[in-house]
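These protein sequences, in sequence, are chains A and B.
In terms of UniProt numbering, the first sequence has 68 at position 68, counting the first letter as 1, and numbering is strictly consecutive.
In terms of UniProt numbering, the second sequence has 324 at position 324, counting the first letter as 1, and numbering is strictly consecutive.
Treat the hints as calculated values from the structure; they're not laboratory data.
These figures come from a predicted structure and were not determined experimentally.
Take these hints with a grain of salt, some might be off.
[What the hints assert, rightly or not] PhoX-like cross-link-like pairs, simulated, lysine-lysine; straight-line CA separation at most 20 Å:
no.: 1; chain 1: A; residue 1: Lys177; chain 2: B; residue 2: Lys17
no.: 2; chain 1: B; residue 1: Lys17; chain 2: B; residue 2: Lys108
no.: 3; chain 1: B; residue 1: Lys177; chain 2: A; residue 2: Lys17
no.: 4; chain 1: A; residue 1: Lys177; chain 2: A; residue 2: Lys108
[What the hints assert, rightly or not] So the derived list for chain A, only partly shown, Cβ under 10 Å to chain B, looks like this:
no.: 5; residue: Thr20
no.: 6; residue: Thr192
no.: 7; residue: Pro195
no.: 8; residue: Ala196
no.: 9; residue: Phe291
no.: 10; residue: Ala390
no.: 11; residue: Asn486
no.: 12; residue: Leu487
no.: 13; residue: Asn490
no.: 14; residue: Asn516
no.: 15; residue: Ala532
no.: 16; residue: Trp534
We treat Cβ as the ideally placed atom computed from N, Cα and C, and that holds for glycine.
There are 2 protein chains.
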Amino acid sequence: MTEFFDRHQALLQDARKALTARGFWAPFAEIPSESVYGAGSRAAGQAAFDALKGQPFALPGHPEQRRVGAEESPFGGALDITYPAADPAALIAAAQGSAQALADATPKARVGALIEALVRLNRHSFLIAHATQHTTGQGFAMAFQAGGPHAQDRALEAVALAWDEMTRFPDHAIWEKPQGKAAPLRLDKHWTLVPAGVALTIGCNTFPTWNGYPGIFASLATGNPVIVKPHPRAILPLALTVRILREVFAEAGLPADAILLAADTAEAPMTQALATDPAVRIIDYTGGTAFGDWLRANARQARLFTEEAGVNTVTILGAPDFTGMCDNLAFSLALYSGQMCTAPQTILVPEGGIDSDLGHKTPDQVGQGLAHALDRLLEDPARAVGVLGAVANPATVARMEALRQGARVIRDGRPMLLAAGADDAVAQGECFGPVAFLVTCADAEAALDRATALARDRGAITAALYDTDEERIARAIPAFARAGVNLSINLTGAIYVNQSAAFSDFHVTGANPAGNACLTDTAFVAPRFTRAMWRRQVA
Amino acid sequence: MTEFFDRHQALLQDARKALTARGFWAPFAEIPSESVYGAGSRAAGQAAFDALKGQPFALPGHPEQRRVGAEESPFGGALDITYPAADPAALIAAAQGSAQALADATPKARVGALIEALVRLNRHSFLIAHATQHTTGQGFAMAFQAGGPHAQDRALEAVALAWDEMTRFPDHAIWEKPQGKAAPLRLDKHWTLVPAGVALTIGCNTFPTWNGYPGIFASLATGNPVIVKPHPRAILPLALTVRILREVFAEAGLPADAILLAADTAEAPMTQALATDPAVRIIDYTGGTAFGDWLRANARQARLFTEEAGVNTVTILGAPDFTGMCDNLAFSLALYSGQMCTAPQTILVPEGGIDSDLGHKTPDQVGQGLAHALDRLLEDPARAVGVLGAVANPATVARMEALRQGARVIRDGRPMLLAAGADDAVAQGECFGPVAFLVTCADAEAALDRATALARDRGAITAALYDTDEERIARAIPAFARAGVNLSINLTGAIYVNQSAAFSDFHVTGANPAGNACLTDTAFVAPRFTRAMWRRQVA
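Please put together the full structure from these sequences, using the hints given.
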């Protein structure tokens with residue numbers, strides 16, 4: 001049935017236009033307000049979240065051999081929710097059992113159902129905000145935006161590009177080859193979309209929906225059943241997503257088992273077994289490079305789309321607005337305690353200092369400027385909690401503690417700002433969490449060389465540059481592009497290097513070790529299906 | 001410079017239209033006629049080929065540490081041509097040295113130069129025909145078509161789709177986010193295309209240009225330097241191609257070393273060293289599955305696009321035109337002595353026989369019908385040479401000889417037709433060369449099951465079906481699609497299952513073990529580059 005498609009066709013067309021315009025377009029409202037989401041929606045979301053706690057999570061009809069679940073809120077307290085769990089073989093079998101029906105459904109049926117699911121997920125944004133907050137540690141406002149509407153935007157973006165790709169070539173054509181004076185040769189040709197196979201999404205602890213949705217929705221749109229393997233500490237946001245998708249699929253006459261939850265535990269993980277199953281032909285992975293390397297070595301039967309670790313740099317060579325720069329960077333460093341994949345980490349400054357609107361600044365003065373800006377931003381405790389959120393994983397806290405030992409501390413607390421030399425190894429790898437390094441380089445060229453080399457060799461999702469020298473900026477732009485990293489120049493005010501907007505920013509370029517996939521370019525959707533033809537002569 | 005682009009813009013636009021229409025369109029004329037290619041073109045091509053023999057092949061400015069070359073015509077006689085050769089490291093260095101200039105050139109500059117090169121290659125089609133004939137063993141007419149215009153069509157197809165993909169999203173945009181009553185946030189965004197890196201094309205003995213061009217031209221169009229590693233027995237067609245590309249690139253102000261020849265010998269091959277070089281990020285491979293497996297295991301730093309082995313089947317369940325069917329299949333079996341990747345090999349017939357316009361036919365009678373059709377087709381020796389060509393590789397002759405031992409021979413000679421049981425292993429793997437197997441199956445369903453299972457499990461590029469039962473045909477169509485293979489139904493006359501036309505047929509689906517890449521769909525071009533952004537606030 002294509003009733004959902006008909007209902008959402010205008011939204012799909014708007015999304016397609018936005019994809020090619022790449023200006024601002026946000027179909028799902030980002031403001032956690034009852035004026036947008038309806039009277040009572042805030043309280044209803046809270047109540048729905050409270051009702052889930054301490055209960056078995058219902059996924060009707062889902063494979064279930066046992067229950068697992070040990071999520072604890074980074075803000076304190078166990079969620080005490082259990083999820084249906086099944087062995088990899090049972091999940092693979094269920095996915096395969098759904099594959100043919102999903103493949104046989106038309107693109108309209110699949111795309112319509114997926115947009116309907118997004119609209120319903122959007123209505124549940126307050127609930128998803130609580131689920132995201134209490135699994136990732138994000139502050140509530142961020143959990144609402146990143147877990148809800150921004151993730152939904154990214155999903156719609158993937159669906160719209162998948163639609164474009166599925167409909168890019170016709171599904172039939174007449175091929176007529178002239179034969180001089182004889183009758184032409186004529187063939188009637190028909191093409192069927194052939195999905196790649198079972199898809200596996202390996203979720204992360206910090207952005208389960210935002211990072212998970214593009215692959216999940218792109219795979220489903222192109223006809224591949226998806227097994228969602230959430231991080232054991234962040235199951236709920238994806239479990240809610242799977243539930244809504246299964247409900248909509250059932251209503252749409254699509255197989256509910258085309259979307260499955262592979263809940264597991266840190267003690268008995270099943271990612272490796274799933275990833276190496278011969279039936280799994282697509283893997284979307286967000287996480288560290290070590291496991292990315294493992295997947296590359298062992299899951300060779302699958303197409304692998306990754307977002308991995310990197311070293312995001314800020315190169316400060318000059319400051320047209322020193323205070324504005326410090327305030328802007330302070331927010332980027334503090335937001336969600338540096339646990340965004342886009343958060344800056346390694347700040348490069350020439351040892352001779354920089355020019356600014358407030359006069360010359362030494363590296364120490366730059367460090368102090370950043371430290372003071374962080375203090376200003378975080379001095380109000382309530383605001384600080386909202387900005388910083390909580391640290392998602394206890395291992396991160398331990399790592400920060402270890403880093404502090406023997407370090408030159410510019411600012412202690414969260415986030416920490418440490419001084420490092422140009423060759424200190426610590427600043428040249430990803431230190432996930434609330435820490436940044438102020439690294440002094442010989443001069444401006446050395447700082448740029450270091451920033452671009454880190455992106456090229458270690459990976460980077462974002463880079464920031466502050467400078468007053470337009471000629472040097474013009475030279476830096478192609479150097480960062482060659483390093484395959486997105487660059488933000490002289491940001492001040494309420495635009496931050498961390499931010500990546502659906503329908504405009506391509507998130508992760510795919511051009512350096514921070515990931516091989518890009519949200520969302522054509523290479524992210526096109527390899528998820530192929531075409532098979534039948535052809536026959538016509539008289 | 002974009003003079004070439006301006007000159008060829010109309011051709012590019014026609015190609016883009018043809019891509020989406022997918023009817024018949026062949027920009028490069030396939031008839032080896034002086035009325036098309038100009039008075040004297042035939043003799044000039046012959047003379048140019050004769051002049052190359054026994055000489056060092058000139059590639060001005062190309063890395064050269066020594067000379068290699070030991071090609072022998074499958075029709076007899078050594079070519080005695082030597083080519084400049086260099087170690088992998090020297091070739092990689094030269095490619096890398098060209099990379100930045102090629103990346104910095106605009107898509108217009110690259111695409112314009114590539115189409116100019118195709119137009120020049122087309123003018124040399126008679127020369128390329130001789131070069132193809134005397135390295136691959138194809139008959140002259142086929143060598144002209146497949147080596148020249150058909151390969152050029154496939155190249156233009158790849159260039160046109162690469163152009164579409166590079167220009168699919170804008171290179172800049174203004175992102176303006178409303179802020180209620182405050183001034184909107186505004187960002188000026190710019191995107192740069194970032195090529196993936198050095199590309200390696202691993203050529204085959206039988207279709208050096210037809211199979212090589214799509215990857216070569218797609219990589220160059222998207223800004224990646226290409227190292228062409230020809231099969232040691234079929235260097236000349238690709239050496240001519242490299243020379244013309246280098247000439248045009250130099251004229252266009254592009255780096256000539258963006259296209260390099262990696263000539264080697266069977267005794268000292270260098271494919272593995274090239275394929276595993278960290279700089280190589282794209283590999284296009286045509287060849288056997290064993291080396292494909294090696295590449296998957298060892299060249300993990302590169303995106304791999306493959307066409308590998310498969311078992312193409314013909315399922316004969318009924319014949320609306322028995323004689324027409326036999327004649328059609330005889331040509332498909334005989335053409336180029338079965339050395340096409342699209343040639344049928346394993347012919348499945350129900351043991352109870354089939355219905356046809358000439359009455360019921362037993363499996364034996366089907367075999368005799370095919371044998372007689374082959375005899376009819378090949379009784380005139382001159383015609384036989386043109387159709388059969390020569391066997392490219394002496395190993396193929398030895399394999400045919402071994403197969404004959406103890407086999408039930410339906411037709412001896414070239415091509416051989418052997419009888420095989422449903423479970424004989426020999427008919428279930430690729431036997432490259434002039435042999436086909438007539439396999440008797442329990443019934444029609446068993447034959448269809450076997451054909452689709454072979455495609456799914458062993459790979460297939462083509463499948464053919466003959467039947468008189470329309471309901472069964474309707475059931476077979478989705479079964480073959482699920483097996484990821486292109487299906488031709490009831491072909492008779494001058495349309496053959498072997499034929500794959502650029503701008504209409506997607507060659508190799510990428511959906512079964514016969515290859516992971518498709519000529520030419522979006523997934524073939526999009527992963528060859530990424531985008532990097534810079535963004536900056538605007539007042």
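We went through each hint and held it up to the structure:
Pair hint A:Lys177 plus B:Lys17 holds up; C-alpha atoms about 17 Å apart against a cutoff of 20 Å. The straight-line distance between the Cα atoms of B:Lys17 and B:Lys108 is roughly 18 Å, inside the 20 Å bound, and the hint therefore holds. This hinted pair checks out: B:Lys177 and A:Lys17 have alpha carbons roughly 17 Å apart, not beyond 20 Å. The hinted pair formed by A:Lys177 and A:Lys108 fails the criterion: a straight-line CA distance of about 32 Å is larger than 20 Å.
A least Cβ separation of about 6 Å between A:Thr20 and chain B falls short of the 10 Å threshold, and the interface hint therefore holds. Among the interface hints, the one on A:Thr192 holds; its C-beta lies about 4 Å from the nearest C-beta in chain B, closer than the 10 Å criterion. A distance limit of 10 Å between C-beta atoms decides the matter here; for A:Pro195 the minimum to chain B is near 9 Å, and the interface restraint holds. Taken as an interface hint, A:Ala196 checks out: its beta carbon lies about 8 Å from the nearest beta carbon of chain B, inside 10 Å.
Restraint check, A:Phe291 versus chain B: the minimum CB separation of about 15 Å is more than 10 Å; hint violated. Because the smallest distance between the Cβ of A:Ala390 and any Cβ of chain B comes to about 28 Å, over 10 Å, the interface hint for this residue is violated. A cut of 10 Å between beta carbons decides the hint on A:Asn486: the least distance to chain B is about 4 Å, and the hint holds. With 10 Å as the threshold, the beta carbon of A:Leu487 comes within range of chain B, its nearest partner Cβ sitting at about 4 Å, so the hint holds.
The beta carbon of A:Asn490 comes within 6 Å of a beta carbon in chain B, closer than 10 Å, and the hint placing it at the interface holds. Interface hint at A:Asn516: satisfied, since its Cβ lies 9 Å from the closest Cβ of chain B, which is below the 10 Å cut-off. Because the beta carbon of A:Ala532 sits about 4 Å from the nearest beta carbon in chain B, less than 10 Å, this interface hint is met. Checking A:Trp534 against chain B: minimum C-beta separation of about 4 Å stays under 10 Å; hint holds.
Consistency note: the structure conflicts with the earlier hints numbered 4, 9, 10.
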